[in-house]
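S.K.: Sequences and hints are given; from them, build the entire structure.
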Amino acid sequence: MSAQKYLRKGCEAYLAYVLDTKVSESKIESVPVVCEYPDVFPKELPMLPLIREVEFAIELVPGTSPISIAPYRMAPTELKELKSQLQELTDRGAPVLFIKKKDGSMRMCIDYRQLSKVTIKNKYLLPRIDDLFDQLKGATLFSKIDLRSGYY
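For the sequence shown, position 111 matches number 111 in UniProt numbering, and the numbering has no gaps at all.
Calculated from the structure, these hints are not laboratory results.
Hints may contain errors.
Said to hold, decoys possible - Computed beta-carbon distance windows for the label pairs:
#1 F98 x S143: 23 to 33 Å
#2 R107 x F56: 18 to 28 Å
#3 T77 x D39: 13 to 23 Å
Glycine residues also receive a C-beta, built at the ideal position from the N, C-alpha and C atoms.
M.R.: Okay, structure coming up:
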C-alpha cells in the first residue's frame, strides 16, 4: 500500500531521512585532473589555508546577523549597462570546477591555465610585507580590501 493511501485514510505519517555524515578522506590521487596532469601537482598538499603572519578580518558588532537587503531599483539604462558588464565578464570567463572540502562544503576553483599562457609576467616580485609596513609608518588612515573578488 502506498503512503498516499495511508494518508487519505487519516493515518499519521512521519518522514525520516537517513544520511551518512561520515566524511571520507579524499586523496589527491582520486581527483581526475590530478591524474591527468601529475607533473603540475605536488605529491602531498599542505594544510589549507596556509598559516599567515597577519590575519585579516572585518569585526562586526557582536550578535550581528548576515545583512540581506532587496536589490536597488534600476532604470532601464542602468539595467542594460549591468547586463552588458555581466556579459563581458562571462565572455572572458574561465572554466570552473568544485572540490569538496573536509566539512562537506564546496570550494570553487577556477582554471586559469589558458590565461596564464598568454599573460606577460611581472618583472618585479611582490614587495615583502615588512617592507610595506615600513612604508606605512606615520600613516593615520587605512583601508581593507577583500581580494577574493578583487580581480576577474
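S.K.: All the hints need checking, so say for each whether the structure fits it.
M.R.: Okay, the hints, checked on the actual structure:
1. F98 x S143: 23 to 33 Å: Given a distance of about 32 Å, which is inside 23 to 33 Å, the answer is holds.
2. R107 x F56: 18 to 28 Å: With Cβ atoms ~19 Å apart, the hint holds.
3. T77 x D39: 13 to 23 Å: Check failed, 50 Å falls outside 13 to 23 Å.
The structure fails hint 3 only (numbered hints given earlier).
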